[in-house]
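Colleague: Residues per chain, in single letters:
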Amino acid sequence: MNGRIVETRQAKDYLSALKPVWCPGCGDFGVLNALTLAFASLALKSEQYVIVSGIGCSSRMPGYIHGYGFHGIHGRALPVATGLKLVRPDLDVIVTIGDGDAYGIGGNHFLHAARRNLDVTCVVMDNRIYAMTKGQVSPTTPLAEITSTTPKGSVEPPLRPLLLALAAGATFVARACSWEPKRLAALLAQGIRHRGFAAIEVLSPCVTFRPEDRALRERVVWRNRAPTHDLFEAMRTALEGDELTLGLFYQVEHPVFGGERAVRGQAPPSESARRGLDAVLAATGEARGKAAAPD
Amino acid sequence: MAAIGSGGSGVMLLGDLLIETAAACGLYGLLTRTYGPEVRGGGSACFLRLGARPFEVLPDALDLVVAFDWSNSEHFQQELQFKPDGWLLYEETARALPRWLLPEAIRCPAPWTRLADEIGSEARPNLVVFGALCQLLGLGAEPARAVMSARLGERSGKPALQAFERGAAWARQAGKWERRVPVVATDVRRWVLTGNEAIVLGALHAGCGFFSGYPITPATDIMEALSRHLPERGGVLVQAEDELAAINMAIGASFGGKRAMTATSGPGFSLMAEGLGLALMAEVPLVVVDVQRVGPSTGIATKTEQADLWAAVASSHGDNPRVVLAPSSVRGCAELMVRAFNIAEAYRVPVVLLSDQFLGGRVEILDPIQPEGMGRREQTAGEPMEVGRRVRDSDPGEADASMAFPGTPGREYTGESLEHDPSGRPDSSFHMHQIQARRRREKLQALAGEEGWLECCGDPSASVALIAWGSTGGVVREAVHAAAAQGMTVKGIILHLLFPPQPERVEEMLQGAEVLYVAELSSMAQFLYYLRAFYKLPVRVVSLARSGGMPYRVGELLGALNASDADAPAGRM
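First to last, the sequence lines map onto chains A and B.
Heads up: take any position in the first sequence, counting from 1, add 331, and you land on my numbering.
Heads up: take any position in the second sequence, counting from 1, add 1129, and you land on my numbering.
Note that these hints are calculated values from the structure, not bench results.
Remember, it's a predicted structure, so these values are computed and weren't measured experimentally.
Glycine is no exception: its CB is placed at the ideal position from the N, C-alpha and C atoms.
One thing to keep in mind: the hints can contain errors.
Selected chain B positions facing chain A (Cβ under 7 angstroms, derived; list incomplete) [unchecked claim]:
hint : residue
1    : 1319
2    : 1320
3    : 1365
4    : 1546
With the rest of the complex left out, here is chain A (with noise of 0.2 angstroms):
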């Protein structure tokens, strides 16, 4: 963002024209709000970011903020972003999904654009319930909650968001909430600054079918040291306080997919690899780009 030219903009010229679908009270008020307040911060241009999102309440945030956006399918928003962040790193990606998307049905795309530390801010929305489908059990949802596809009780342990991406190599992991969008934004214009996959976990209380997560708010409590390198430690904190720790816990420097990384060299066409389509390039002389092969 640096040398860009600061206009003077305010977050709610960051808002659509659209009005949100969600419940009156629901977090994702916050998130958005936090969002706009971000970009508000790093003045960033309207054209030059994508909010790509995947499918629940979450995920209709691409609608409510002007510029371009991409809504998406169930689960597959971070694929969406790794083609569109590849073909254009000149752009800021910003992922706004659920925790369906993330840790569930898109469990394997998170795990993997981690691993690649794809330059992305994931900004999970996780209300630990199914909430546009009105009120089924999530990979977040407490043991033994009742949920209207678990009448006596989710017997199913909840996923560890932030062990997650930790583990799978994310390079910026943070925990927030959405009912304090000043600290929010603070994190996620960290987040999209950051190079390198940002995960960034929000909880976002769904006032409709988790009412009782009103109650976090008297029982998270915001973490204000420096971020670590040490995974460990990250671990650590991230499972301290019931897990319920706000705060950038992990951050550190790694190459980004799709950028500058040492490579081993060219390896020699193997004696099982035909030659018939290098002779035919070779012959049309189907242009090769100007960027040589890495030597």
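Keeping the supplied structure of chain A fixed, place chain B upon it in accordance with the hints.
Modeller: Below, chain B without anything else, positioned relative to chain A:
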């Protein structure tokens, strides 16, 4: 001819060396490769046809079989049909000849292993055989040595050349087995390509900038080739974590402004179905290649079938009018890839290109495609459009080609999977869905009206027509010529655009046909029912449908055409 042997015996390398040498000698040729189910150590076979004209099908029977050993050879038993004067050359130390081998084949044991061993451990029997076959078939030693050198690199040193010479010397002494293929002098440097390589060539020619895929036989070599050629042309390739990711990555890259594709086979194509629906709804250009194999499920990964037709035309969900193209030749794979990218971009629609293992895996010697023959890259993306409008207001049926890429100031919009109005704003009203569903369907009408997608061969006025698509189209071309040589008049019809349907063009082509034979490798006769769904067919329709696993041979189709009505299958299912 055929060559068989256990994995590691060098059968596949032998096949490649022979067809490359034949090309250098001015011959045309077709090479297919067959593997048993094992990755290594199982049986492998290659089938090679050489001659003075291009081939699209293997012969009904073989002149020559070369056997390195008989390990797992029963896998290929049905494919090893000898001509009456066919001959068998086999390694003399191999175990006893299998009982299924036809007694009439002329047999000749050969000391290839001993000849190789005499040279040393670096010499391999398959190069001895290569030398022997070049001698017997009359392929020049000079081009053969050049091909060896190009392919083997450092390993084409003295022991390799000695092995080649020993083989040739043995063949000269065993000269009675000689069957020279007439070599044609030509200055043309012909291409030696597989269908999958032609797809890569077409993609590069079309300016493909992004590929994401997941390994799956028999489509993997498309990704392997692109991994070498795409990045050095400024493109990006990702091996995705699964096919769900692969198609969505391609959608993301296309949204970002690059020509994007993925390639897979049936099982992977099933996983991509939901992504196809997304590309349709968000109107993101995309090319998806499906190199079909025997299914369902894991099926036979290394063998061909044409049973993803319904999946290609109708998979995904909701009303989802996409484009389905089907090349019927290696040349067509390259040409249709260029058209696929152009169509995807012009109509903002996913294009499925249906190939199959017989087309994708075979090696063909073909005349070079001139650059103009490959088609021009038509760039329509990135044109300006009205501020705030995702699509240009257009008359129904007019392809909507305007796209704004992220980063363009003042054109911001959201690619939307929800039903939406023309500005991209979600809209769940009955009224808007009517308008948009119709527009998505009708925008393909211009394509449906295009000429040039149907191929007619043989006698256009014949009352007997034989219709096919995909690799079976190539067999039909050969069968129609063979039928003419036998005095039969047959019209061959090959479809290259399967969706949107072209009723006027197809029915015009069917004019005068009183009986229509439908050839396809699908036990459920998917093509027959596809034709019945979209086209008015002649009263008499005879389905030749059978499952895949082995392509048709010319004799099989001619036999069906010659069969009396009583023998003809009356119906299907």
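Colleague: If a hint holds in the structure, say so; if it doesn't, say that too.
Modeller: Hints, verified against the model:
Annotation: residue 1319 of chain B was flagged as interfacial toward chain A, and the flag is violated, the nearest CB pair being 10 angstroms apart, outside 7 angstroms. Among the interface hints, the one on residue 1320 of chain B holds; its C-beta lies about 5 angstroms from the nearest C-beta in chain A, closer than the 7 angstroms criterion. Annotation: interface hint on residue 1365 of chain B holds; nearest CB of chain A at approximately 5 angstroms, less than 7 angstroms. Because the closest C-beta pair between residue 1546 of chain B and chain A is about 5 angstroms apart, less than 7 angstroms, the hint holds.
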